[in-house]
Structure formats: C-alpha cells, structure tokens
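Asks: Construct all of the structure, not just a fragment, from the sequences and the given hints.
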Amino acid sequence: GAGVSQTPSNKVTEKGKYVELRCDPISGHTALYWYRQSLGQGPEFLIYFQGTGAADDSGLPNDRFFAVRPEGSVSTLKIQRTERGDSAVYLCASSPGLNNEQFFGPGTRLTVL
Amino acid sequence: SQQGEEDPQALSIQEGENATMNCSYKTSINNLQWYRQNSGRGLVHLILIRSNEREKHSGRLRVTLDTSKKSSSLLITASRAADTASYFCATDAGWRGSTLGRLYFGRGTQLTVWP
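So the protein lines, in turn, are chains D and H.
Everything in the first sequence is counted per our numbering, starting at 1 for the first residue and increasing by one.
Everything in the second sequence is counted per our numbering, starting at 1 for the first residue and increasing by one.
Just so you know, not all the hints are guaranteed correct.
[As the list claims (entries may be wrong)] Just a few of them, taken from the derived set where beta-carbon distance is under 10 Å, the chain H residues facing chain D:
| no. | residue |
| --- | --- |
| 1 | Gly-106 |
| 2 | Gly-108 |
| 3 | Trp-114 |
By construction, these hints were calculated from the structure, which means they are not laboratory data.
In this text the structure is predicted, and so the values were computed from the model without any measurement.
Quick reminder that beta carbons are idealized off the backbone N, C-alpha and C, glycines included.
Replies: Given below as structure tokens:
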C-alpha cells in the first residue's frame, strides 16, 4: 500500500511568515510523529499523536510551533513567525501503535530566508 | 537530546566488503531500530530489535544487541554501491528513561561503498 506522504516537498519562505506542512500517514496507523532534522544531525522529536490527541508535545521548541490531527489521520504542522533557525527537513512518521516500527515520509525541506 | 551515538562517523569501503557500524546508548530501552537515509531525505526502516532479543537478520543485514553493554551493531555483508547512505540507530528511551512513542536518534554513520 501507499507509504507516508508529505507536502510540500520543498518550502521556501521569508522570515516572519506562517507555514503549514502536511502529513498523510499510512492508512490505519493510529500513531503519527513529527521530527525535525538539521544538516549533519539525526532527527529530533517534535510531537506525536495517538489518534486525534497529542500524546506528547514536549519536543516542540516553542509556542510558534503547533500541530493538529483533527480526524485521527492527516496531520498539519504549523509554524508561526518563522525564523531562519527553523530551516530544516521536517519528517513525519506513522506506526500501527507504540513500540512498533515507525515508517517515515520523504520529508519537507523548509528554508526560511 | 540525542540518546544513541553511532561509530564510526564515516566509513568508506569497497564493494563486496562487509560494513560494521556500532551504536551505543545510555539508558535501558524497550527496543532499538536501525534506519537508512539517502541524500538527507526520508528514512527507510531496516530492522527493529527488542530488548529481549540478541540478534536479528534481514537479507544481508545482521543486527546484534547487547543490553549489558548498552550497544548494538549493524553488519552489512557483501556491500554494494547502492548501500551508500547514512545509517542511524534509534532507541525508544532518552537519558531520562523510557518514553513511549518518541525515538531518539544518533548523528548517524555515513557509509560510502566504492564500486
């Protein structure tokens, strides 16, 4: 079946703008995760959802970052007042449940000018 | 914060040779996963090994886990140029202990396989 998809694949924005990044998980996967990866680093956890609720959002760096998953499937990561330091690849993953393999999407490369 | 550390940071070998990458971590875990990443984009899941398992195989991949030493290794046998990628280990526990859901990644090993 189809894997995790993310849109857009690339996003270039100006400092101070608002952006939304979308993730479509594998059908039937209840858990959805967002990670951020900077150049030369491993992915760093941001937030994860179990169903519609954010079960752990402790990785969000500050209140400019917010994520939703209103129907327990598609998720949107929202970043307000973007800063140059937000530039990174944003990765989404899904899994059938906790303590299982996480399957990653291709990522969205965000560049803040 | 990152939990695992891969060693070496970079590895360069010839096609046909075996490649071994190591991962060390600090706290008790429930499971450890290995991923491959090409060109800094999506990660491909390779193997998940649980804390009560010592070894797993998948094709040319062999993963071992030593919970007493808090370390894991990934062996790729008979490597190919297409194996060139970054390899990451990820654990389900950070330095404060087990946390359901999130994975903690190291910085990865960059493997280059020359034809």
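Asks: Each hint needs a verdict: does it hold in this structure or not?
Replies: Verification of the supplied hints:
{"no.": "1", "hint": "Gly-106", "verdict": "holds (5 Å)"}
{"no.": "2", "hint": "Gly-108", "verdict": "holds (6 Å)"}
{"no.": "3", "hint": "Trp-114", "verdict": "violated (22 Å)"}
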